[in-house]
Structure formats: C-alpha cells, structure tokens
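Residue numbering for the sequence shown follows the UniProt record's numbering, starting at 1 and increasing by one per position.
There may be inaccurate statements among the hints.
As the list claims (entries may be wrong) - The calculated lysine-lysine pairs, modelled on BS3-like cross-linking and capped at a C-alpha distance of 25 Å, are:
| no. | residue 1 | residue 2 |
| --- | --- | --- |
| 1 | 148 | 108 |
| 2 | 208 | 108 |
| 3 | 229 | 290 |
No lab work stands behind these hints: they were computed from the structure.
A quick note: this is a predicted structure, and the numbers were derived from the prediction, not measured.
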Amino acid sequence: MSLAEVLRLPVALRRATLTKAFIPQPILASRAYTPTFQHLQRRHGTTDAAPHTTSSSVNHTEVSHFNALASSWWDPQGSSRLLHLMNPLRHRFIRRCLAYDDRDEAQKLRYLDIGCGGGIFAESAARLSTTRSVTAIDPTPEVIAVAKRHQRTDPSLLEAGRLTYLNTAIEDLPNHDDGRYDIITLFEVIEHIQRPSPFLQSCISHLKPGGWLIGSTIARTPVSWFTTKLVAEDLLRIVPRGTHNWNQYIQPQEMRDWARMQPELSTSDGIDWQVMGVVYVPGVGWRQVKGSEAWGNYFFGVRKRWDAE
Numbered sequence: 001m002s003l004a005e006v007l008r009l010p011v012a013l014r015r016a017t018l019t020k021a022f023i024p025q026p027i028l029a030s031r032a033y034t035p036t037f038q039h040l041q042r043r044h045g046t047t048d049a050a051p052h053t054t055s056s057s058v059n060h061t062e063v064s065h066f067n068a069l070a071s072s073w074w075d076p077q078g079s080s081r082l083l084h085l086m087n088p089l090r091h092r093f094i095r096r097c098l099a100y101d102d103r104d105e106a107q108k109l110r111y112l113d114i115g116c117g118g119g120i121f122a123e124s125a126a127r128l129s130t131t132r133s134v135t136a137i138d139p140t141p142e143v144i145a146v147a148k149r150h151q152r153t154d155p156s157l158l159e160a161g162r163l164t165y166l167n168t169a170i171e172d173l174p175n176h177d178d179g180r181y182d183i184i185t186l187f188e189v190i191e192h193i194q195r196p197s198p199f200l201q202s203c204i205s206h207l208k209p210g211g212w213l214i215g216s217t218i219a220r221t222p223v224s225w226f227t228t229k230l231v232a233e234d235l236l237r238i239v240p241r242g243t244h245n246w247n248q249y250i251q252p253q254e255m256r257d258w259a260r261m262q263p264e265l266s267t268s269d270g271i272d273w274q275v276m277g278v279v280y281v282p283g284v285g286w287r288q289v290k291g292s293e294a295w296g297n298y299f300f301g302v303r304k305r306w307d308a309e
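With the hints as constraints, model all of the structure from the sequences given.
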C-alpha cells in the first residue's frame, strides 16, 4: 500500500497502519508492559571513565560517546542544543519542588549535579543568588575539561567553593566535609545508567534530610521511540546517533515505585513527589504539556524524609 493510499484511510485504521509500519514489533509489545521496580534493577546502561570502583554505574561505551561530543557542548546550535533549550525548564521544575519546602527562605542551597556534562545546568545554578555552592561531577574526562575551561570565562564562577567540577562517579564521591546536599540533580542521566537502583541509592546517601532528588528522563513507550530515536536521531539529526538506548528508558511509575521502596524517601502525591511532562516543539523549544510524562520526556522530583538519616 502506498503512502497516498494510507493517508486516505479512516483515522483509526490509518494510525494502526502507520504504527505497524514504522515502529518495531518488540517496541509495540511494550504496550502490554506492566511497569515494575525490577526494570530499574536489571537495566543495562550511565557513564564511565577515570578509575572507578567495581560497583560503579559507569559505562565505558557511554563515556566514549560523550567524549566525542565534548568539544561542541557549549555551542547552542551544536549537538547539545536541546540541553541548552531545556535548561530554563530545569530551573522552573526545581522552583516548583521547592515551593512545597518549609525551610528558611534565607537559607542558601548546596547542589550536587550528577552527570553534569559540560556544565550547562551547573553554571546556571551557581549564578543564582539562592545558591551557596554547586558540586558537579561526571565520569567523562573530556566533558569535565570542557566544563572547567568554560568556567574560567566567568570570573564570578571562580569564587572559592562557588562551583567545583570533579571527574568521578557518584559511587566514588567522598562525603563532603560541609555536610550533604539540599538538591541533587540528575538531568538526562538515568537513561544512560547500567544499574539504576544502586545508582539512585548512592545518590540519596548524599542528600540532606528534607532535600530533593530531581531529574529528567524519558518514558519507555512507542511514541518515545518514534520521537527520540527515529525522528531526533535518524531523520532530523538534532541528536547525535547512538545517544539513546530505548530499552533503558524508565516509566514515571517505575521511578515512583522505586522511590516508595526507599524508607528514606517520602512520595506523597503533589507534595513530596512531583512529575512534569515536557515536549520539544521544533522551531519553538521545550514546552510543559500536562500528561505527556506518560509517553515522552519528563521531570521527576522526590524528597528525602525530614527524619531520615
């Protein structure tokens, strides 16, 4: 059947025909998939490079991929263009989470940015008047080198303790002499992690009681395969090929199921657990779209209990 003939079909039949033609059968089978915490335990795939422990979440293939992209990290029209465009939404979502805090508004915040890449979010967070310090880590040596070079272009970021970059994995990060962090961020990281469950547990061990674990990732659906793999990587080439592995995407419900199993975390809906779906509109940028977390990119936030260790 030609494309012209398909387009003349009734809407429901046309949708079914196009879906069958363009989306691989193993992905179609995911429609019947029931989200479970096991997906976070069994998954294959974050980042890796420098000397790391045997329990590290680092993946050498991922490190090589991002090393190759390092030189264009700060080009707003380059391979990291979508990350530059997403950055304002990252801050908006953090403000949304903090709106439920009852901490002293005068208290300045300590950030830990995991998988910081070239420092797009880390730099912007370090410039905020509400920030005390930002520690940004990544196991990919070339992107950390790029981040440090770019930091030197802004004297305000060179103030002692304001912004610190470390080439390390979270499992190898020592406890900070000044205590734990108010906010730990994982932006576009979890879908690159080999063992998400122990990785996330390492993250919350560095979080203060009452602090927030905040991240962004992608739901594992046929729509996300179509938009992030076929369209973004293969057709439009706005994301470098090989950046994503659809099998490593995580459903919002899987994230929440994992959080509910952690005694240190509180997951009351709309207060200690937050989620926000976002959609990239070509020529416009990223936009918040209610309900889109069920099939594409989304932000999540979960708070550590105030009485947790």
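Item to check | Hint consistency between residue 229 and residue 290 [alpha-carbon to alpha-carbon, up to 25 Å] | outcome: holds, 22 Å
Next on the checklist: Would the hint linking residue 148 and residue 108 be met if the CA-CA limit is 25 Å?
Outcome noted: Since the Cα atoms of residue 148 and residue 108 sit roughly 23 Å apart, the hinted pair holds (cutoff 25 Å).
Next on the checklist: For a C-alpha distance cap of 25 Å, please report whether residue 208 and residue 108 respect it.
Outcome noted: Roughly 13 Å between the alpha carbons, so the hint for residue 208 and residue 108 holds.
Against the hints set out earlier in the document, no violation occurs for any number.
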